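A.B. asks: Sequence:
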Amino acid sequence: MSATSPSVLVTGTAGFIGYHMAERLLDQGYRVIGLDSVNDYYDPRIKRARLARLANRDRWVFYEIDLADRGAVESLFEREKPEIVINLAAQAGVRYSLTNPHAYIDSNVTGFLHILEGCRHHGVRHLLYASSSSVYGANTAMPFSEHQSVNHPLSLYAATKKSNEMMAHTYSWLYGLRTTGLRFFTVYGPWGRPDMALFLFTKAILAGEPINVFNHGEMSRDFTYVDDVTEGIERLMTHLPEADPNWDSDAPDPARSPTPFRIYNIGNNAPVKLMDMIGALESCLGRVAEKNFMGMQPGDVPATWADASELIADVGYKPSTSIEDGIEKFVSWYRDYYNI
Numbered sequence: 031m032s033a034t035s036p037s038v039l040v041t042g043t044a045g046f047i048g049y050h051m052a053e054r055l056l057d058q059g060y061r062v063i064g065l066d067s068v069n070d071y072y073d074p075r076i077k078r079a080r081l082a083r084l085a086n087r088d089r090w091v092f093y094e095i096d097l098a099d100r101g102a103v104e105s106l107f108e109r110e111k112p113e114i115v116i117n118l119a120a121q122a123g124v125r126y127s128l129t130n131p132h133a134y135i136d137s138n139v140t141g142f143l144h145i146l147e148g149c150r151h152h153g154v155r156h157l158l159y160a161s162s163s164s165v166y167g168a169n170t171a172m173p174f175s176e177h178q179s180v181n182h183p184l185s186l187y188a189a190t191k192k193s194n195e196m197m198a199h200t201y202s203w204l205y206g207l208r209t210t211g212l213r214f215f216t217v218y219g220p221w222g223r224p225d226m227a228l229f230l231f232t233k234a235i236l237a238g239e240p241i242n243v244f245n246h247g248e249m250s251r252d253f254t255y256v257d258d259v260t261e262g263i264e265r266l267m268t269h270l271p272e273a274d275p276n277w278d279s280d281a282p283d284p285a286r287s288p289t290p291f292r293i294y295n296i297g298n299n300a301p302v303k304l305m306d307m308i309g310a311l312e313s314c315l316g317r318v319a320e321k322n323f324m325g326m327q328p329g330d331v332p333a334t335w336a337d338a339s340e341l342i343a344d345v346g347y348k349p350s351t352s353i354e355d356g357i358e359k360f361v362s363w364y365r366d367y368y369n370i
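So for the sequence shown, the numbering used here puts the first residue at 31; every next one is plus one.
Because the hints were derived from the structure by calculation, they are not lab data. Keep in mind the model is a prediction, meaning the values are calculated, not measured. Idealized CB from N, CA, C, for every residue including glycine. It is possible that part of the hints are untrue.
Claimed, not checked - Taking lysine-lysine and the DSSO-like style, the derived pairs with C-alpha atoms no more than 27 Å apart in a straight line are:
1. K359 - K321
2. K359 - K233
3. K359 - K303
4. K303 - K348
What the hints assert, rightly or not - Restraint ranges, calculated between C-beta atoms of paired labels, are given here:
5. E358 - P275: 25 to 35 Å
6. G206 - L230: 54 to 64 Å
7. A85 - A281: 49 to 59 Å
8. S35 - A234: 35 to 45 Å
Please work from the sequences and hints to get the whole structure.
C.D. replies: Structure below.
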């Protein structure tokens, strides 16, 4: 990238995907403005360790800010004037939303409003924001397509992500803000979240403890390796959404709009059975897990599967890292990070 490369605000840079996104953009020569509240939803030490890896990079600046702090977010936009915003900060986790609902409204709804307002008032060229495969909720027609209705979320977390898409559409309609929603499908990899299944399973198996296998193992997920996700986002950064002149208000397509608004699935388009994922992990660790089979958790869904055809058509990219290769890279990082 040249010295005139755009400044990119990446929120959630102490988090899993946000850290990888910031690192990728710095490697590509972008100036990156990082933002994170570094909260204690999970162990802040791994968040600080991610930030430490970014601290001495050229063209990097970091703000420890809570998105719910309207004044702080306004001041950041005024000072830094980012040209592109990638909003990856969020209160994550389906199960946590059952016991801590207010955290999701504060971060995912109020915080996202502050991002939208910052983009609106400071001439941001393109806003990309994290949505989730969770928005598909009660849908069972597979693979999940952006053209499907997503009006039946099964958790408050999913509802806040659906809300983000609706809020973004409104700002695209009212103010011409170019917005791109990113529906992620079970992202995993090095520096992952400690509350995710792969991390929990690895920790338990190495400690000789049983793992909790929900829905008695009858689940599948479209596991997507983190580097595949960040490459998809980077490609979409420069793919500015345009209003669809063929959009039909009598038969509205949820994936398109008469405004500069788009939604994309970012997933492997290759669902993996939970028991096969566990088998791949056991193979990498050289140990067999003791399994505690349990029922389905409230708010969870039995399967996800991404239709990636829109991403392929528009930016020529499809995530493709196999679960075996991805787990091997994760386990290698885990052993190194925890000195195992």
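A.B. asks: All hints, please: hold or fail.
C.D. replies: Quick rundown of the hints versus the structure:
1. K359 - K321: Judged against 27 Å, a Cα distance of about 23 Å means the pair holds.
2. K359 - K233: It holds: about 15 Å lies between the C-alpha atoms, which stays within 27 Å.
3. K359 - K303: holds, 19 Å
4. K303 - K348: holds, 20 Å
5. E358 - P275: 25 to 35 Å: violated, 46 Å
6. G206 - L230: 54 to 64 Å: violated, 44 Å
7. A85 - A281: 49 to 59 Å: holds, 51 Å
8. S35 - A234: 35 to 45 Å: holds, 43 Å
The structure does not agree with the numbered hints 5, 6 stated previously, though it agrees with the rest.
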